[in-house]
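There are 4 protein chains.
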Amino acid sequence: MSKTARAAVLVQYESPLQVQDFPVPSDVGPGEALARVEMAGICGTDIHLWLGQLPVPLPVILGHESVGILEAVGAGLERDWRGQPLAVGDRVTWASSIVCGECFYCRIKRQPTRCLQRKAYGISYSSSVAPHLRGGYAEKILLRAGSSIFRLPEHVRTESVVGAGCALTTAIHGVERCPILWGDSVVVQGTGPVGLAALAVARQAGAGRVIAIGGPAHRLKLATEFGADVVIDINETKDPGARREIVLQETGGYGADVVIECVGYPEAVNEGIELPRDGGKFLVLGQYANAGNISFNPHTITRKQLEVRGSWGFEPRHVDAALRMLESGRWGELFASEVTHRYKLDEANEAIQAVKNWQTGKAVITP
Amino acid sequence: MSKTARAAVLVQYESPLQVQDFPVPSDVGPGEALARVEMAGICGTDIHLWLGQLPVPLPVILGHESVGILEAVGAGLERDWRGQPLAVGDRVTWASSIVCGECFYCRIKRQPTRCLQRKAYGISYSSSVAPHLRGGYAEKILLRAGSSIFRLPEHVRTESVVGAGCALTTAIHGVERCPILWGDSVVVQGTGPVGLAALAVARQAGAGRVIAIGGPAHRLKLATEFGADVVIDINETKDPGARREIVLQETGGYGADVVIECVGYPEAVNEGIELPRDGGKFLVLGQYANAGNISFNPHTITRKQLEVRGSWGFEPRHVDAALRMLESGRWGELFASEVTHRYKLDEANEAIQAVKNWQTGKAVITP
Amino acid sequence: MSKTARAAVLVQYESPLQVQDFPVPSDVGPGEALARVEMAGICGTDIHLWLGQLPVPLPVILGHESVGILEAVGAGLERDWRGQPLAVGDRVTWASSIVCGECFYCRIKRQPTRCLQRKAYGISYSSSVAPHLRGGYAEKILLRAGSSIFRLPEHVRTESVVGAGCALTTAIHGVERCPILWGDSVVVQGTGPVGLAALAVARQAGAGRVIAIGGPAHRLKLATEFGADVVIDINETKDPGARREIVLQETGGYGADVVIECVGYPEAVNEGIELPRDGGKFLVLGQYANAGNISFNPHTITRKQLEVRGSWGFEPRHVDAALRMLESGRWGELFASEVTHRYKLDEANEAIQAVKNWQTGKAVITP
Amino acid sequence: MSKTARAAVLVQYESPLQVQDFPVPSDVGPGEALARVEMAGICGTDIHLWLGQLPVPLPVILGHESVGILEAVGAGLERDWRGQPLAVGDRVTWASSIVCGECFYCRIKRQPTRCLQRKAYGISYSSSVAPHLRGGYAEKILLRAGSSIFRLPEHVRTESVVGAGCALTTAIHGVERCPILWGDSVVVQGTGPVGLAALAVARQAGAGRVIAIGGPAHRLKLATEFGADVVIDINETKDPGARREIVLQETGGYGADVVIECVGYPEAVNEGIELPRDGGKFLVLGQYANAGNISFNPHTITRKQLEVRGSWGFEPRHVDAALRMLESGRWGELFASEVTHRYKLDEANEAIQAVKNWQTGKAVITP
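Residue numbers (my numbering), protein chains in the order written: chain B, 1 to 367; chain Y, 1 to 367; chain E, 1 to 367; chain L, 1 to 367.
Treat the hints with caution; some may be incorrect.
For chains that are exact copies, the list does not tell them apart, and a pair is met inside one copy or across any two.
As the list claims (entries may be wrong) - In silico SDA-like links for lysine to any residue, alpha-carbon gap of 25 Å or less:
1) K344 - R91
2) K356 - T340
3) K3 - N290
4) K119 - E78
5) K344 - L51
6) K221 - G329
7) K119 - G31
8) K109 - R79
9) K109 - R151
10) K119 - V129
Quick caveat, the hints were computed from the structure, so don't treat them as lab data.
Whenever a hint applies, use it, and build me the whole structure from the sequences.
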């Protein structure tokens, strides 16, 4: 093994990522694992991070959606999260976060995604602090003891896993918190990775009529492939009121049973909250970053007798569920088809810009 | 029986109610009932109606929280909603609304409070249309066939029923939609009738620590009697941030398991949504009238992984549950103690003004 | 219209049905409807009735799964249950039961299938009492005011509706009470009409691996077509312990998330309760008739930490949901394919015997 | 500290416990804790163990409900389960079980009480294997790293904690799995420790009418103190049918919303399943040991449309909830009042016999 590994580092918000060399530990500690990164996804959250919209301890090696090959496995790390044997050479992915398992949220309230000590690869670790290699935009990553590692079945492609990324696990968690009953009509706002993943989960959950609102055209084509019965192009139907009319027409005049916001712009919440039927559900899944305030009428919540739910991140068991989805051929291929652009580490900054400018499907780094 | 009955009518928004005479039907139709009104509560909603904040078919005889004595009972009306025999002379109350039982919301989605044909006594009927007498601020009221009538047990005082009013049934429905688990810490925003009722329901539901935010002092005293462990006086602690600090201190630093908004001012939603712990629940119960927009950050819903729920009105079975609560001595007396001001029909306008100006506990009309 | 209608009557348990003539009312009352029966299904319950295993007021015209053509529509009956206009000549089906809407179970506990006054066509009405025609094995049926009538869309075949019969609505209600989460592994015990319907609903609900236990071979072939991933032939694998081994193998060694008993023999409950994983669910759907006791160990419920649920009959909204399923091509054809034997009214007794002797798929009467 | 500790050991089923000496470790390992046992409860399960009705690795030091004083605290064990600082001299209790946190039930299905590796103090550890001291009937106990230790607040009496024992945590877990809604009528079968604890939890959860079935008289007196509105003495009303009549009378003729079986005899399940109203719930909490089969009619589950639930043991968070209950004066005193008999280690066998022969309230050992 080489003694150093290269990584693309966010040194300063809104400035080009810098490729730097970091020492690779010659030995891994108990429970740790060293992986050679095979592919790392560029998530919309990475753009938020680059823009400085979420506080992180700069400098940070970005990348929280990755697949790698195990190069070293620490003492005691004999099995993956599912109990499968783990060995050097295995192709694996891992949950981006580690939680403490001991705090109020982990223990008593069973909301581990809100763990007070939660730390995520590619987000929460400063690359200036040893052991440095804690992000996916890198040749190597050192996984902490206690990481939730999943050995990938041979027939699950790396592109499927990174193409699904944290969008799929996020959607799975979201729908767990805001259940779709079979036969429910569903609106998905947004046709980015999270929106497509939400479509997939809605279909899996037996949704009846599924309506996607988004764009541009190539995204809507994907939305149809992912199972949308109706797509509404926001570039064609620019008025939210007109879009609502279409939703009402497609849902017998009442609105959908479940609406899933996967947009990220705060104003989408104002559009979305008018789309469920009375007594319906509205899952606010896309407001991961604090993108500011909207002028909002809370009377709507009371009058429409809504259930509005939020969902933050995901747990390792949602990675398990996602992988089970990807193991069934159709979803694996569909999510792999999201990967449209590949970049080398040196091109990480280009990759960021391309995603930021909506020029890609899913962009990935293959270090 | 006299041939006419007097009633206080809202003829024009923000204008004094007018006392008018209406013909009393000499005979009642099948399933109908004629009652002599013994007491009618003045609800906060009546103030919203008087101000023109909810659309109603003027002129309207106000009054949707009433107790009366049956003077005539139509053919086929032999039993009350609970199956108890009904007869002339019985003291009764009734659910304010009638739903169609046939629409999308009644039949398929089981959200009858959102029935497309729902009509409420004291709100939805024009007094200029026969049979006129469809509100509680009147000597007589004619109940439609299909009304949900409840014969009152002798030991349940009229003051208890009207003192609890639609606040209690609304709170019962709200907590049904947003369940309090035993041991949960609960914050109730608002110490008006709905807030006090929410306190009562929280206590019944086995809440752990219960914190009330409201005022003025006499209301906070009631809040304590209704079971609040901690009261926060908004006139003393004027800064919502400071109030939040108290809530955090009282809940181990995390926020409450359940927060119930019973205020009505839209801005209370911004204060309230910061009071649950992460993964907690927020019931928006007080935004019955459309009182305008707030500057709102939807990121909070995602980040705190909240469940936000709305609840509209109530169903007859919630009246049944409310009466069962009132039958147990403590609650009956407590709700009766809310009744502080009594007015004759001629004084209905005074009554409205007194409530509007926060000068009363519960004000009632005894025609 | 002819003045009389013929019907097949259960006059005495375990004796041949008798075809009798009944007067057809020349006029229908308000809300009533007269239908010419096009097709009536023979349900397993009819066999239980014939055997005298459920108490009914003999003589009874059997038949509670029917499609007919409206011949007369009473005053005020202008729309079907879904609000669609109704007229003479419309092809319709109807919920077999009418509930009172007023009792403890209808009103307070919202368990209308346990209504204290519930009456079902083809089961609860004596044919010796006017208006006689209250069952589906007849040329005509007179539907009471308050019946839940559904106009059939043109593209939904009569065979689909009768082929699905009350099995599908029963399965939909059952799964509502015992929800399948998407991805859940499911075992369906029994491959008769209820078992096949449960398979269909499990698939709609997004079940992961679905295992059917039943027979004979032609039923298992249907089970595969209905979506079973694995079928276990009880004639091949005769030992329940061996069948359990297969279920464990197919579910990672733990048992299924949800097990649905659709057999009817009491002993199936002993087999089924061992098939869920710990903390799993067991829906006892098939024990509609009282078929006697089993030797049962209740320790299993505690030790395996189970959720065991029962479900009785269905509500009109489940007919609505069933019809929506049948409107999607695949299910419509599949359920229609269950209809293998057609009988005339005169052959009703033959039909009963054929079903009793397991010689048919779904047998129907076309009067 | 002395070099050895005495403990009462179950060497052979149905034979007198033997008091033996075991070496006390001079040093405790990382995360471990050594406690001097102050009081250990004798649980009904201990009787089952003594009788050989649950498989355990003899010889075993019994005792899984204990309070002790910390005598040594291993490296890294700085805080209790709730995050409170831990130190030598603290009075503590601990959850009896440790789970792996990694298996199918811990990770994916979140049913940790069914953990495949679960081990309980006083039950699952052979005293012939070092470090021997793994049960509460002993002068000392050595707690494994990963034990869920709770420092007791000063005002919570040791008698309250041991008096409540695992009965209270079991009842809390059970009611979590089978929720009581406020206002629900509840029947508790059994007035032993689990039954009394279920009464307490039902009261906390806001139950309406609560009916206890049990005996003998001193237990029924306790049941009344714990909040039963009605007690049915099985020694007076010996016929289960007559007891059912009383339950029906007390619940409006329909049966209870929730029935909690806390008896242990299998036949109680046959009595209990007839006590809920249709659509009601039945929690089978008492069948912890395999006490054999009953003749059971599964038709009841379908016809009554029941929810039957099992619950096994408890999790550490239920200990937390139990301690919060005990911190409120009334419950602390009530549970302490269950402790009627105290025995020294040498008298452990007498204690077992006294409990086995129903001669005690709660019996405890104070080594």
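Notebook entry, point to check: Can you tell me if K356 and T340 fall within 25 Å by alpha carbon in one copy, between copies, both or neither?
Noted result: Answer is within: at 15 Å inside a copy they meet the 25 Å cutoff, but 60 Å across does not.
Next item on the list: Give the relationship of K344 and L51 under a CA distance limit of 25 Å: within one copy only, between copies only, both, or neither.
Entry: Intra 21 Å, inter 66 Å, cutoff 25 Å: intra-copy only.
Next item on the list: State whether the alpha carbon distance between K109 and R151 is at most 25 Å within one copy, between copies, both, or neither.
Entry: between (30 Å within a copy, 20 Å between copies)
Note to self: Reference check for the pair K109 and R79, CA-CA at most 25 Å: within, between, both, or neither?
What the structure shows: Between. Shortest inter-copy distance 19 Å satisfies the 25 Å Cα cut-off; intra-copy 28 Å does not.
Next item on the list: First find the shortest C-alpha distance between K221 and G329 inside one copy, then the shortest across copies, and answer within, between, both or neither for a cut-off of 25 Å.
Entry: both (19 Å within a copy, 24 Å between copies)
Notebook entry, point to check: How would you classify K119 and G31 at a CA-CA limit of 25 Å: within, between, both, or neither?
Noted result: both (17 Å within a copy, 24 Å between copies)
Next item on the list: Could you figure out if K119 and V129 sit no more than 25 Å apart (CA to CA) within one copy, between two copies, both or neither?
Entry: Within one copy only: 14 Å inside, 40 Å across.
Note to self: At most 25 Å between alpha carbons: which applies to K344 and R91, within, between, both or neither?
What the structure shows: within (20 Å within a copy, 59 Å between copies)
Check: Using 25 Å as the alpha-carbon threshold, which applies to K3 and N290: within, between, both, or neither?
Finding: Intra 40 Å, inter 61 Å, cutoff 25 Å: neither.
Next item on the list: Could you figure out if K119 and E78 sit no more than 25 Å apart (CA to CA) within one copy, between two copies, both or neither?
Entry: This pair counts as both: shortest intra-copy Cα distance 23 Å, inter-copy 22 Å.
Hint compliance for this structure: hint 3 alone is broken.
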